[in-house]
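Sequences and hints are given; from them, build the entire structure.
Below, each chain spelled out in residue letters.
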Amino acid sequence: MADFSNIPRLSAKEAAILELLIARHEMYGLEVVRASNGHVKQGTLYVTLNRMSEKGYVESRQEERSPGAIGPPRRLYRATGYGVMVFEAWADMAARTSLFPSMEPTR
Amino acid sequence: MTIRFLRGPSQDLRRSTIDNTKLIEALQQAEVIPLGPATRGTRYRVDSSMIDNEKLISHLVDADGRRTELLAQEIRESAQGVYHGKQSAAPMPTITHPPNGWMRVAAEFIFTKKTVRGVFEPLIADQAYEWSEAVAEGRVWKVRWLTIKYAALFGVGALAQALSALKVIAAVWKSG
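Protein chains in written order, with this note's numbering: chain G, 1 to 107; chain S, 1001 to 1176.
Worth flagging that the hints you see were computed from the coordinates, not collected in a lab. Even for Gly, the Cβ is constructed at its ideal location relative to N, Cα and C. Each hint should be verified, as a subset may be incorrect.
Each computed DSS-like pair below joins lysine-lysine, with the alpha-carbon atoms no more than 30 Å apart [to be verified]:
(1) K1149/S - K13/G
(2) K1055/S - K1113/S
(3) K41/G - K1142/S
(4) K41/G - K1114/S
(5) K55/G - K1167/S
(6) K13/G - K1055/S
(7) K1167/S - K13/G
(8) K55/G - K1055/S
(9) K13/G - K55/G
(10) K1142/S - K55/G
(11) K55/G - K41/G
(12) K1055/S - K41/G
(13) K1114/S - K1174/S
(14) K1114/S - K13/G
(15) K1113/S - K13/G
(16) K41/G - K1167/S
(17) K1113/S - K1149/S
(18) K41/G - K13/G
(19) K1174/S - K55/G
(20) K1167/S - K1114/S
(21) K1149/S - K1167/S
(22) K1114/S - K1149/S
(23) K1149/S - K1055/S
(24) K41/G - K1149/S
(25) K13/G - K1142/S
Stretch-level coverage of chain G by chain S, calculated; a stretch enters the list once three of its residues show a Cβ under 8 Å from a Cβ in chain S [said to hold, decoys possible]:
(26) 45–52
(27) 72–80
A few chain S residues facing chain G, derived, Cβ under 7 Å [said to hold, decoys possible]:
(28) A1125
(29) A1128
(30) G1157
(31) S1164
(32) L1166
(33) A1170
(34) A1171
(35) V1172
What follows is the structure in structure tokens.
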């Protein structure tokens, strides 16, 4: 049996966010919420993204503003190479064992 | 005889039943006369000098779809007078300060700079984005709803952040 003990932990919400960011390359937080079909809630999204950023799964940058744009700049999020690796390992693990929740499509 | 505008509201203007208020709306939307104030209760005057006769005739077609000059004179005469602003258009609230301006102050007071930058600044930026979208569309009730929604989201975010911090403390406590 495969050894999954050294794979970093990934919650279902983190997996859903990573799946979207990998598929769409770069997204605003609001886009993640809208694209997740209710899997990701806006109230806890940025707490989760902040935690994922600390773990090194995602990185972010401020959007480029056009002259005359109003309001604070929004942030764009993307999966890091490490995040992609962790997600792929997690998806592999989820597919191989019934001990872990199977992945649900978020799109 | 039925006359209708090529552009503007899809309404028929019948010789015997021309509704002056609807006529003015049709003339404004067809850009035959300048747009008057849309706010409720505002009065404004329309006189014959404001009516672009060429545009008026070019917009009028009869029941068979043919351009017609019939009734143009009658419409010009009917359209003159003092009118009130649209009864259905609720005035947009005046923007005196950004929505939920207290959120940033509260977040900076309670949480670290890093948390504010990572968790609350994106939420405030989303709020400004959605809010300005709703204002641009003139959706007054959505503007009000967003103010309440983001206040609630701030509360949820603050609670989730506090719980997250407690989990870290608990993990450190257990390992120690």
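Going through the hints against the structure:
1. For the hint pairing K1149/S with K13/G, the CA-to-CA distance comes to about 21 Å; that is within 30 Å, so the pair holds.
2. For the hint pairing K1055/S with K1113/S, the CA-to-CA distance comes to about 61 Å; that exceeds 30 Å, so the pair is violated.
3. Note on K41/G and K1142/S: the hinted pairing holds, with a Cα-Cα distance of about 19 Å set against a maximum of 30 Å.
4. Between K41/G and K1114/S the CA atoms are separated by roughly 22 Å; this keeps the pair inside 30 Å, and the hint holds.
5. A threshold of 30 Å between alpha carbons decides the hint, and for K55/G with K1167/S the separation of about 15 Å falls inside it, so the pair holds.
6. Using a Cα cut-off of 30 Å, the hinted pair K13/G and K1055/S is violated, with the two alpha carbons roughly 59 Å apart.
7. Of the supplied pair hints, the one linking K1167/S and K13/G holds, its CA atoms being roughly 17 Å apart against a limit of 30 Å.
8. With a CA separation close to 66 Å, the supplied pair K55/G and K1055/S exceeds the 30 Å bound.
9. For the hint linking K13/G to K55/G, the alpha-carbon distance of about 14 Å falls within 30 Å, and the restraint holds.
10. The suggested pairing of K1142/S with K55/G is violated, with an alpha-carbon distance near 37 Å, which exceeds 30 Å.
11. Pair hint K55/G plus K41/G holds up; C-alpha atoms about 20 Å apart against a cutoff of 30 Å.
12. Our distance criterion of 30 Å between C-alpha atoms is broken by K1055/S and K41/G, whose separation comes to about 52 Å.
13. Distance hint between K1114/S and K1174/S is fulfilled; the C-alpha atoms sit about 25 Å from each other, no more than 30 Å.
14. Proximity of K1114/S to K13/G is assessed by CA-CA distance (about 22 Å); at most 30 Å being required, the pair is judged to hold.
15. Taking the CA atoms of K1113/S and K13/G, the gap is near 25 Å; set against the 30 Å cutoff, the hint holds.
16. Restraint check for K41/G and K1167/S: the C-alpha separation of about 20 Å stays at or below 30 Å, so the hint holds.
17. With a CA separation close to 24 Å, the supplied pair K1113/S and K1149/S stays within the 30 Å bound.
18. Taken as a hint, the K41/G and K13/G pair is honoured in the structure, with Cα atoms around 9 Å apart against an allowance of 30 Å.
19. This hinted pair checks out: K1174/S and K55/G have alpha carbons roughly 20 Å apart, not beyond 30 Å.
20. Between the alpha carbons of K1167/S and K1114/S the distance comes to roughly 18 Å, so the proposed pair stays at or under 30 Å and holds.
21. Note on K1149/S and K1167/S: the hinted pairing holds, with a Cα-Cα distance of about 27 Å set against a maximum of 30 Å.
22. The hinted pair formed by K1114/S and K1149/S meets the criterion: a straight-line CA distance of about 24 Å does not exceed 30 Å.
23. Restraint check for K1149/S and K1055/S: the C-alpha separation of about 46 Å exceeds 30 Å, so the hint is violated.
24. Our distance criterion of 30 Å between C-alpha atoms is met by K41/G and K1149/S, whose separation comes to about 13 Å.
25. Taken as a hint, the K13/G and K1142/S pair is honoured in the structure, with Cα atoms around 28 Å apart against an allowance of 30 Å.
26. For the region 45–52 of chain G, the stated coverage by chain S is satisfied: 5 residues place a CB nearer than 8 Å to a CB of that chain, which reaches the threshold of 3.
27. A count of 4 residues in the region 72–80 of chain G with a Cβ less than 8 Å from any Cβ of chain S is obtained; the coverage claim is therefore met, three being the minimum.
28. Contact between A1125/S and chain G, as hinted, is supported at the beta carbon level, the nearest pair being about 4 Å apart and thus within 7 Å.
29. Given the 7 Å rule on beta carbons, the hint for A1128/S holds: about 3 Å separates it from the nearest Cβ of chain G.
30. Given the 7 Å rule on beta carbons, the hint for G1157/S holds: about 6 Å separates it from the nearest Cβ of chain G.
31. Restraint check, S1164/S versus chain G: the minimum CB separation of about 6 Å is within 7 Å; hint holds.
32. Annotation: interface hint on L1166/S violated; nearest CB of chain G at approximately 12 Å, more than 7 Å.
33. A least Cβ separation of about 15 Å between A1170/S and chain G goes past the 7 Å threshold, and the interface hint is therefore violated.
34. This hint is violated: A1171/S has a C-beta 12 Å from the nearest C-beta of chain G, more than the 7 Å allowed.
35. Nearest Cβ of chain G to the Cβ of V1172/S: about 15 Å, over the 7 Å cut. The hint is violated.
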